[in-house]
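J.: The chain contents come next:
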Amino acid sequence: MLEFCYSLPYLLLLVPLLTSIMCCFFKQNAMNFFIALTTIVFLICLSTYLAINILSFGHLDYKVNESILSIISEYRLGLFNIFFVLVLLFVKLLSLLYFRYEIKHYNNQRFFYALFLINCFGLLGILLTNNIFNLYVYLEIYSFTFYALITNYDNEQSADIAIKYFFNGVVGSIFILFSLTCLYVLFQTSDISYIFQKVNNVSVENYLILSCLFLIFVCGIFSKFFTFWLYLFQVKKSKNVINFLFITLMFLHIFIGLYLLIKSIFFIFGVKIVFGFMSFDIVLSVLGCIMVVYYSYCLIKTRNLFQIVSYLCIINLGFILINIGLGNVYSLASAFLFILEYLSSNLMLFIFVSYLIYNFDSSDINFLNIVGNKKNIILSLAFLFAILAKTIIPIGTGFTNKLFYAQSLGKGGVLAGLTFLIPMIFNVVIIGYVCFKFIKVMKFSKYNKGIYYDLVATQNKGSINKIYIYSLHVLLVFSILITVFSGSVAELSYAAAESIIQ
Amino acid sequence: MFEQVVLQLRTILDFLFLLTVILSLFSIFLVGNYARKMLLLSVSYSSLILYFLYIVITKELSYQVFSVILTIFISFIFTFITGVSILMNLLKQKKQ
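Which chain is which? The protein sequence lines are L and V, in order.
Sequence positions in the first sequence follow my numbering and run 1 to 502.
Sequence positions in the second sequence follow my numbering and run 503 to 598.
Be aware that a few hints might be false.
Stated by the list, open to error - Short, incomplete list of chain V residues facing chain L, as computed with Cβ under 7 Å:
id: 1; residue: K539
id: 2; residue: L541
id: 3; residue: L543
id: 4; residue: F568
id: 5; residue: I576
id: 6; residue: S577
id: 7; residue: T584
id: 8; residue: I588
id: 9; residue: N591
Derived by calculation from the structure, the hints in this document are not laboratory data.
Even for Gly, the Cβ is constructed at its ideal location relative to N, Cα and C.
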């Protein structure tokens, strides 16, 4: 039984690659959509089966041969990896359903699904591989397909964003390549597990070189995955750009960036060098604190919903960075739950705002008037669910992540105390204020119901609206499931965090 | 004497390669023109590949590293083609 499990991760990698080739042969969009959908559903089933096996037998790792570069040379699949794989496939499934309607804005529709599946292959490769050069190759595969997906949109702004992202991404790639090459030259192996073992036995004199390599690697990650926010505010008024592709890819970007950050700290360079010698935990915690405090303050000033949601995302990211910086089991479990919150409530809010922008050409806070309307019950529920999950009300993972965060205080000392109290107080007070502002707007909005119905009457975007509502349905069900099984979800994230610390 | 000269030359070459990579990399953010950015990017990428080749030869690493260098070179070509096609797409959109 276990032998069979060892070959399944290869299937996880090869299935999207093979089906992407199949997609190139069919001209009908419906057929290609069916192939892509079947592939993603199959991958979700496969990863769920693997997750159950990993919970029973522990992590799976396998090495086929001694070559330093091969598509399927070696992998390591623990609870940590499978958690990211499942999250990734869920976002991919959601985005695929949306593309069914969005594809008419595309130039090369025939190759869209093939690119989508190769993008999925690259992402899964990044999450599964245990080889530094394979990691680089998968990163490049992911990047190429990402550029191709966003450039194919038939508008100038996506091309402008694509070229800006391209330059940042390639600079990041060069940094990452340099760091990985130096690691290979130093340790003469490309296997991440061996590198980690050797890093642990390195003498103190060599710590400086490894610290520099880690810094270069982190610079690469930040340049490649976390620069999207720089462009986000430039495009906030554009109706076309605020589409689901950007949202999902941006969310996937943050996921992959966070995954690589955790992987580099806990699986490549080791806590002894990164937290002990470099004190990078303080850097991460201070950066996270600044993000939380500053963007909480920004929340008060703005009346633009798109900006509010973007700030909420950055605040969430700040909490994740603080928890990674604390580096104990509870804080890492909390970081995983914050990632789940990022997926459920933040994505729900983004889709809600996209719906507003698409229909009313505005993301002004006054349009929250529609939330109180009985005709839009799903919109209202999704919005309230997502915003309440941000407070300490036990909805979604919003309560359990803060509980783990508080528990990490016992293991983290003064740093944990400071990084808990300052951002937490700011966040709770300001989110409370924002909720109050929302309720006030919903009750006393300047747009009365008559004007609202006029606005609804002018819209003629039925199919896209449907998919916004369907996406909100899916996310709402996902969030309710997380709330109902919050105990099991918390246990799973704790187990994943334990597997990292071991 | 000869060995010392070779050693010094190697150090200078090391330094020059790294300097080219770093300077061209950071100049990307300073230059406004997209075509110049592409040029600097190519310089940086190719000097990194050359530097890697140089390390492989001087440190006498496993012959398998050449497959890695080849892959990096192919990815560089792909990157270049992708960058140029995004630029062309941008120009086409601006004309429309």
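J.: Are the hints correct? Go through all of them and say.
T.: Results of checking the hints against the structure:
no.	hint	result
1	K539	holds (6 Å)
2	L541	violated (12 Å)
3	L543	holds (6 Å)
4	F568	violated (10 Å)
5	I576	violated (9 Å)
6	S577	holds (5 Å)
7	T584	holds (5 Å)
8	I588	holds (5 Å)
9	N591	holds (5 Å)
Comparing the model with each earlier hint shows violations of hints 2, 4, 5; every other hint is respected.
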